[in-house]
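Chemist: Those sequence lines, one after another, are chains A and B. Residues 1 to 513, numbered by this note's numbering, are exactly what the first sequence covers, in order. Residues 1001 to 1115, numbered by this note's numbering, are exactly what the second sequence covers, in order.
Hints in this document: simulated from the structure, not taken from any laboratory. Since the model is a prediction, treat every value here as computed from it, not as a measurement. Any given hint could turn out to be false.
[Unchecked claim] Pairwise CB distance ranges (calculated):
{"hint": "1", "chain 1": "B", "residue 1": "V1049", "chain 2": "A", "residue 2": "P491", "range": "35 to 41 Å"}
{"hint": "2", "chain 1": "A", "residue 1": "R105", "chain 2": "B", "residue 2": "L1092", "range": "19 to 25 Å"}
{"hint": "3", "chain 1": "A", "residue 1": "V410", "chain 2": "B", "residue 2": "V1088", "range": "46 to 52 Å"}
{"hint": "4", "chain 1": "A", "residue 1": "W436", "chain 2": "B", "residue 2": "H1102", "range": "34 to 40 Å"}
{"hint": "5", "chain 1": "B", "residue 1": "L1021", "chain 2": "A", "residue 2": "G28", "range": "57 to 63 Å"}
{"hint": "6", "chain 1": "A", "residue 1": "W4", "chain 2": "B", "residue 2": "M1001", "range": "47 to 53 Å"}
{"hint": "7", "chain 1": "B", "residue 1": "V1088", "chain 2": "A", "residue 2": "R105", "range": "47 to 53 Å"}
{"hint": "8", "chain 1": "B", "residue 1": "D1100", "chain 2": "A", "residue 2": "A363", "range": "27 to 33 Å"}
{"hint": "9", "chain 1": "A", "residue 1": "S494", "chain 2": "B", "residue 2": "D1100", "range": "53 to 59 Å"}
{"hint": "10", "chain 1": "A", "residue 1": "S200", "chain 2": "B", "residue 2": "P1055", "range": "27 to 33 Å"}
[Stated by the list, open to error] Example chain B residues on the side facing chain A (calculated, C-beta under 8 Å, incomplete):
{"hint": "11", "residue": "F1042"}
{"hint": "12", "residue": "S1046"}
{"hint": "13", "residue": "G1047"}
{"hint": "14", "residue": "T1065"}
{"hint": "15", "residue": "L1072"}
{"hint": "16", "residue": "A1076"}
{"hint": "17", "residue": "A1085"}
{"hint": "18", "residue": "V1086"}
{"hint": "19", "residue": "V1087"}
{"hint": "20", "residue": "G1097"}
{"hint": "21", "residue": "D1105"}
[Claimed, not checked] Reference listing, derived: stretches of chain A covered by chain B, where coverage requires no fewer than 3 residues with Cβ under 8 Å from a Cβ of chain B:
{"hint": "22", "stretch": "125 to 137"}
{"hint": "23", "stretch": "141 to 149"}
{"hint": "24", "stretch": "168 to 182"}
Here a beta-carbon is modelled for each residue, glycine too, at the ideal position from N, C-alpha and C.
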Amino acid sequence: MTHWLIAPVVLPAMLAPFIVLAARYHIGIQRVFSLAGVLMLIGISGGLAWAAADGTVMLYQLGDWAAPFGIVLVGDRLSTMMVLLTVVLALFVLIYAISSGWDNRGRHFHALFQFQLMGILGAFLTGDLFNLFVFFEVLLIASYGLMIHAGGTKRLRAGVQYVLFNLIGSTLFLFALGAIYAETGTLNMADLANRVGLISADETVGIRLAAVLLLLVFAIKAAVVPLHFWLPSSYAEAPAPVAALFAIMTKVGAYAIIRVYTLIFPPDVAVTAGLHDTWLLPAALISLAIGMIGVLAAKKLDRLVAFSIIGSMGMVMVSIALFTPAGIAAALYYIVHSTLAGAALFLISDLVRAGRANLDLTAQPPIAGATLTAGLYFVGAIAMAGLPPLSGFLGKLLVLDAGFDTDLMVWIWAIVLGSSLISVVGFARAGSILFWKAKSVEGDQTVPPPATMSYVAVGGLIALLVAHTVLAGQMHRYTNSIAAQLFAPAPYISTVVDTPGKLSDGTKTEEDH
Amino acid sequence: MELLIASAIGVLTAAGIYLVLRLRTFPVILGISLLTYAVNVFLFTSGRVAVGVPPVLRDDITTYTDPLPQALVLTAIVISFGMTAVVVMIGLGAFLGSDDDHVDDQPNDRSEGTS
Chain A
1 MTHWLIAPVV LPAMLAPFIV LAARYHIGIQ RVFSLAGVLM LIGISGGLAW
51 AAADGTVMLY QLGDWAAPFG IVLVGDRLST MMVLLTVVLA LFVLIYAISS
101 GWDNRGRHFH ALFQFQLMGI LGAFLTGDLF NLFVFFEVLL IASYGLMIHA
151 GGTKRLRAGV QYVLFNLIGS TLFLFALGAI YAETGTLNMA DLANRVGLIS
201 ADETVGIRLA AVLLLLVFAI KAAVVPLHFW LPSSYAEAPA PVAALFAIMT
251 KVGAYAIIRV YTLIFPPDVA VTAGLHDTWL LPAALISLAI GMIGVLAAKK
301 LDRLVAFSII GSMGMVMVSI ALFTPAGIAA ALYYIVHSTL AGAALFLISD
351 LVRAGRANLD LTAQPPIAGA TLTAGLYFVG AIAMAGLPPL SGFLGKLLVL
401 DAGFDTDLMV WIWAIVLGSS LISVVGFARA GSILFWKAKS VEGDQTVPPP
451 ATMSYVAVGG LIALLVAHTV LAGQMHRYTN SIAAQLFAPA PYISTVVDTP
501 GKLSDGTKTE EDH
Chain B
1001 MELLIASAIG VLTAAGIYLV LRLRTFPVIL GISLLTYAVN VFLFTSGRVA
1051 VGVPPVLRDD ITTYTDPLPQ ALVLTAIVIS FGMTAVVVMI GLGAFLGSDD
1101 DHVDDQPNDR SEGTS
């Protein structure tokens, strides 16, 4: 049993209290430890992803208790890829937060940052539904603190909305877990996968209710319309590096939907038939449309980026809702792209904010370092809007291709292509007002340009996007193999359920009702 | 007993949802507290209602209640209690800063850039 699998959870969990307790008043030491922690996490996650790449399913039993009784962490291709994506994003966000001084505008940024990482990585790795709830809470608690970092009344008000919305989401999650436990007597995902299939057709009321409630909870996280209302103001008011890190949080919802609805409630289980194609797909198409219309309608740059996050999550969910291997593979390719592009755009909007009075889309005197910022905005907008040559275009092609032979093909193509056009117009309008019309406004530049390392952080994200485009063949092949593993869950289930541990001898049926 | 518990969960949930829809910080926080009470009772009974039987193994006792929901509900109680404290603090800060306890954005806020 390899202990490395729990390292992405334990390492930030140890670092965060150390930063709070030992380095409380030393921002320099905090920065060093935070950066070192993220670099070590990248090494560990890279190793885990490498180990899982050949299709092995890694299992870690906490306390050596066997699966349905103890909590397990499971690392397969999907989890390890999401873990790696998170920590790579975290590195660039951290570099930006340090170089722009955001981490020093309030207390405990680095400790909360590490707790946030712990929650996200744990949510990706856990193999137990209740443990998933606990990790969701860990990442939410940290995100509450990060979201109101540096204070301010507007930020606090947005924070209240964000916290309340997520509290209701957590309550729904608990209702769903209670219903699942009452129906099946287990909360281990692999064990659930075995038991849901055993429920007879005339007793499915409870489990169907639980499946829909769970989908609602994950849809809140993934900001699918009509559950997206928390996202625009909380992402726009959050400090920019925090908003950039939050770009992965919507993907936690997408990950949970992929995991639960391929493993526990796969599309061919009669219990939840119709949930994906009747409900999820239209909702996803509407979120895509609303997100991109929001890009065109936004009056401020940070809200524009927040709406583009909703739109790109809509694209991801359209692809997921097809629930075919091709659809999941396209969704995973697009998840990597939209995380990097969304984070880069949030950081760019902070570069713009640094040189202006506010982020309103009105003509104001040109900002310091406008040429470089404008160039980065141009590349980021191309990526997010899905124009060639960057990975957004390829991801969109994959989604269109995956949706080609479905019943709703016309709708998918029309909305994906139409919303792309709208978002191109929206991004072009914002860019021309911010960077071109500024030339016609007189004003003196008193604000110094942003630090070089800030540009390095944004440039690093853009470089990753370019790499994601250049290596699209390899990436898509890998996401295809992830999808293949997801749609053949037998090795996952047998690894989790059949690996011996304490209590594993013949007592397995004791928990049945 | 089942009827009592079921109707308690129902009444708590209904009152909680009503209060959440009031859109002022204080009633919404109260409503969320009620909702978490409801979900805690619901979780507690998800292992089936069994009156007067122990959850841990003892000699010469044959019927047990399911101990796992009790462990789950402990976790849920701790988390929801902590979260309520957090939201009270943030809500208080927002109220003292803006002298307004509406949860939703007000129309006059909207003119300054909420789209």
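Chemist: At a threshold of 8 Å, is the proposed contact between B:G1047 and chain A supported by beta-carbon distances?
Modeler: Hint holds; B:G1047 Cβ to chain A Cβ min 7 Å, cut 8 Å.
Chemist: Minimum Cβ distance from B:F1042 to chain A below 8 Å?
Modeler: Hint holds; B:F1042 Cβ to chain A Cβ min 5 Å, cut 8 Å.
Chemist: Holds or violated: B:A1085 as interface residue toward chain A, Cβ cutoff 8 Å?
Modeler: Violated: closest Cβ of chain A sits about 11 Å from B:A1085, beyond 8 Å.
Chemist: A closest beta-carbon separation below 8 Å is what the hint needs, so does B:D1105 meet it against chain A?
Modeler: holds (7 Å)
Chemist: Should the interface hint for B:V1086 be scored as holding, given a Cβ-Cβ cut-off of 8 Å against chain A?
Modeler: holds (6 Å)
Chemist: Quick check on a hinted range of 47 to 53 Å for A:W4 and B:M1001, using CB atoms only.
Modeler: Taking Cβ atoms as reference, A:W4 and B:M1001 lie about 49 Å apart, which means the hint holds.
Chemist: Looking only at beta-carbon atoms, does the pair A:V410, B:V1088 fall within the given range of 46 to 52 Å?
Modeler: holds (50 Å)
Chemist: Would you settle whether the hint for B:L1072 is holds or violated, based on the nearest Cβ-Cβ distance to chain A being less than 8 Å?
Modeler: holds (6 Å)
Chemist: Taking the beta carbons of B:D1100 and A:A363, is their distance inside 27 to 33 Å?
Modeler: holds (32 Å)
Chemist: When you take the CB atoms of B:V1088 and A:R105, is the distance between them in 47 to 53 Å?
Modeler: At 24 Å between Cβs, range violated.
Chemist: Taking the least C-beta to C-beta distance, is B:S1046 closer than 8 Å to chain A?
Modeler: holds (4 Å)
Chemist: Range first: 53 to 59 Å. Now tell me if the beta carbons of A:S494 and B:D1100 are that far apart.
Modeler: 57 Å Cβ-Cβ, so the 53 to 59 Å window holds.
Consistency with the previously given hints fails for numbers 5, 7, 14 and 17, ordered from lowest to highest.
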